Amino acid sequence: MTSRDPDPDASADVVARLVEVTRQHGDGAGAVRALKGVSLDVAAGELVAVMGPSGSGKSTLLNLAGGLDRTTSGEVEVEGVALSGLSAADLAALRRRRVGYVFQDLNLIPSLTAAENVMLPRELDGVRTARARQEALAALEELGAADLADRFPEEMSGGQRQRVAIARALVGERRLLLADEPTGAVDTLVGDEILGILRGRADAGAAVLVVTHEPRYAAWADRVVFLKDGEIADAAEAGLVSAR
Amino acid sequence: MTIRHGLLALLTQGPRYGYQLRAEFEASTGATWPLNIGQVYTTLSRMERDGLVAPGEQDEQGRVVYSITDKGRADLERWFATPVRQADRPRDELVIKLAMAMTAPGVDVARVVQAQRSATMRTLQELTRAKRGAGVAQRLVLDSMIFQAEAEQRWLAHCEAVLAASPKEGA
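Residue numbers (my numbering), protein chains in the order written: chain A, 1 to 244; chain B, 1 to 171.
Bear in mind the hints are in silico, worked out from the structure with no lab data behind them.
In this text the structure is predicted, and so the values were computed from the model without any measurement.
Every residue gets a Cβ at the ideal spot worked out from N, C-alpha and C, and that includes glycine.
Any given hint could turn out to be false.
Stated by the list, open to error - Below 35 Å or equal to it, Euclidean Cα-Cα: the simulated DSBU-like pairs (lysine-lysine) are:
1) A/K36 to B/K97
2) B/K71 to A/K228
3) A/K36 to A/K228
Claimed, not checked - Derived CB-CB ranges, DEER-like:
4) A/Q104 to B/A119: 25 to 31 Å
5) B/A119 to A/S39: 19 to 25 Å
6) B/W79 to A/K36: 51 to 57 Å
Here chain B stands alone, though its shape is the one from the complex (with noise of 0.2 Å):
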C-alpha cells in the first residue's frame, strides 16, 4: 500500500495537518490500514524532500500545514492511471499449510479446511456487518476484503470436493 499517494489524494481537498491527513486516511479506507503518526510525518517529509508537497508557515502551536505541489499532482495522476499488478502478495499462509497437510501424515486434511472455512465464513459476516451503516468508500474497501475472502472460501469448497474425490495419498 503506497501511503504516499493516498496522503497526496487527501491533500487535493486543501491543505492539512499530519494529524488530520492520519484521521482522513483511516476514515476513507475503514481503517483497514491504521496508520501511526511517525509514519505519516516521515512520508511527508520525504515528499518534501522530492518536491510532491510544501509545507506552509507554523502556527502558534508549532504545527505545519501541507499542500500538494503541481509535481504532486502529476504524481498523483500517474498513480491513478496505473493500474495495480496482480502478485507481490505475500506468501500466502494458507496454501502452505494445505499443502503440508497433504504431505505430512497423521494430518486431517478436511479437518484443516473446514477449521478454515468457518473461520473465512467469520471474518466475512464481521466484514457485511461492519457494512451496514457505513459511507460508500468504506463500503467499497470493506467490499473488496469481502470478495477476497469469498474467493477463499471459494477455493476451500473447491479444495474440500477435490479431496472427497481423491483422499490424501497412503491415509
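Just chain A, same shape as in the assembly (with noise of 0.2 Å):
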C-alpha cells in the first residue's frame, strides 16, 4: 500500500522533470509569459498537484510536461530523455510510449468497448490486436474495471468512464500519467473516487502529476504547488506538519 517514508532510491527515480521552464506566446510587445522559470521533479510513487487560478499556467505546465508544447527556455526530461533536442517525430513516439493523459472531457470513442478504448493506443503504436488486448484487460483489471471490458461509454457512470480513461492513459509501459482537471464537474464522492484511482497509481508506482483548481482533490496529493502568474508560489507537502 502506501509508503509514508518514501525510500531514498526510489525518491531518486524522477520521471519527469522541469528545469527552469519558461513558456513565452507570442513576440515583442504583446508578448505572454505563461511560465517564468519554473522546476519542478515527479518521482516514481508520487502525486503530485498543481494548483492555481486560471490563467496562472497550470495546463502550460502539464503540456510541457508530456511534450504536447515546447519550452521557450528550460528543459524538459521525461524518463532522462530532453524533450528539447527530440525530433518532432521522436516527441511523437515518446508521447505515445511514456506518457498517458486524462482530460476532463475523457474523450472515450462512444463507439468503442472499454477494452477497445484501452487498446487504441497500443494498436496505433503498432502492436498487434491479440497483444494490445491482453494489455487492456491487464490495464483494467488492475483498476477493478475487468467487469466493464465489453460496455460502451455510454453504458457506464462517470466514475466508471474515468477508470476507462485512465487504464487507457497507463496501459503498456507508461509511467507518467497527467490529469488536466480530471474530475470535471462530478459531484465530490465521484471526485474523490477519481482522485482515489489517481492515489492508487501512484502508490503502485507511476509518476502522477494532477491540475485542478480545488483543494478537496490537490489534497490527496503528497506535494501541492501552487501556481500564480507562471511561477510557483508555495508547496505543500504532506507529512511535514507532524511535529507541529
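From these two lone chains plus the hints, build me the complex, please.
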C-alpha cells in the first residue's frame, strides 16, 4: 500500500523533470509569459498536484511536462530523455509510449467498448490486436474495471468511465500520468473516487501530475504546488506538519 | 459539542460502563473530540440527576453500568430532530489576523494569505490521508472537516484575487 517514508532510491527515480522552464506566447510588446522559470520533479510513486487560478499557467505546465508543447527556454526531461533535442517524430513516439493523459472530457470513443478504447493507443503504436487486447484487459483489471471490458461508454457511470480513461492512459509501459482537471463537474463522491484511483496508481509506482483548482482533490497529493502568474508561489508537502 | 447527547446516543445500543462510552465516543467521531474520563463521569452523574440515565448495580470492581431512560430517549430524539444553528462559533482568529494585516503598516498581506493557504492545504492532506481506510462514521466526520478546510481554501483564494485587484492602501 502507501509507503509513508519513500525510500531514497525510489525518490531519486525522477520520471518527469522540469528545469527553469519558461513558455512565452507571441513576441515583442504583445508577448505573454505563461511560465516564468518553473522547476519541478515528479518521481515514481509520487502524486503531485498543481493548483492555481485560471491563467496561472497550470495547463501550460502540464502540456510541457508531457511534450504536448515546447518550452521557450529551460528543459523538460521524461525518464531521463531531454525533450528539447527530439525531432517532432521522436517526440510523438515518446508521448505515445511514455506518457498517459487524462482530460476532463475523457475523450472515450462512444462506438468502442471499454477494452477497445484502452487498446487503441497500443494499436496505434503498432502492437498486434491480440496482444493489445491482453494488455488492455490487464490494465482494466488493475483498476478494478475488468467487468467493464465489453461495455460502451454510455453504459457506464462517470466514475467507471474515468477508470477506463485512466486504464487507457496507463496501458503498456507508461509510468507518467498527466491529468488536467480530471474531476470536471462530477459530484464530490465520484471526484474522491477518481483521485483515489490516481492515488492508487502513484502508490503502485506511477508518477502522477494532476492539475486542479479544487483544494479537496489537491489534498490527495504528496505535494501541492501553488502556481501564481507563471511562477511557483509555494508548496505544501504532506507529512511535514506532524511535528507541530 | 454536546457530550451529553453523544453519550445518550451510544447508550441506545445497550447499557455501557463509563470507560466504554469514552472509547466508543472517540471511535465514532474519529478521535476528533478527545474526551477525558472525568468529563464522561461528570456528564453521567448530571444526566442521572436529570433522570436521563439510570445506574445499575456496582460490580465487584466498583464499576457501574449506565442505561438510558425513557426521558433520556425523548431528549435524544429532540436533539436529532433539531437542526444545529450556525454561529456560536468562536471568533475566527484567521479573519481577524487578515483584517489586521490589511490595516497594519509594513505587513505583506499576500504572504500571510499564502502561508495560510499552504498550512490549510497540509491539514487537508492529512485529513484526506486519514480518510483512507476509515469506517463510514469516521469518514463522515473527516469529510465535515475536509469541507470546512476547503471552504477556508476557497476564501483564501478569493482574498488573493481581491488583493491582486486592489492592493493594500498606502502600500
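Okay, the hints, checked on the actual structure:
no., hint, result
1, A/K36 to B/K97, "holds, 31 Å"
2, B/K71 to A/K228, "violated, 58 Å"
3, A/K36 to A/K228, "holds, 10 Å"
4, A/Q104 to B/A119: 25 to 31 Å, "holds, 29 Å"
5, B/A119 to A/S39: 19 to 25 Å, "holds, 23 Å"
6, B/W79 to A/K36: 51 to 57 Å, "holds, 56 Å"
In this structure, the one hint that does not hold is number 2.
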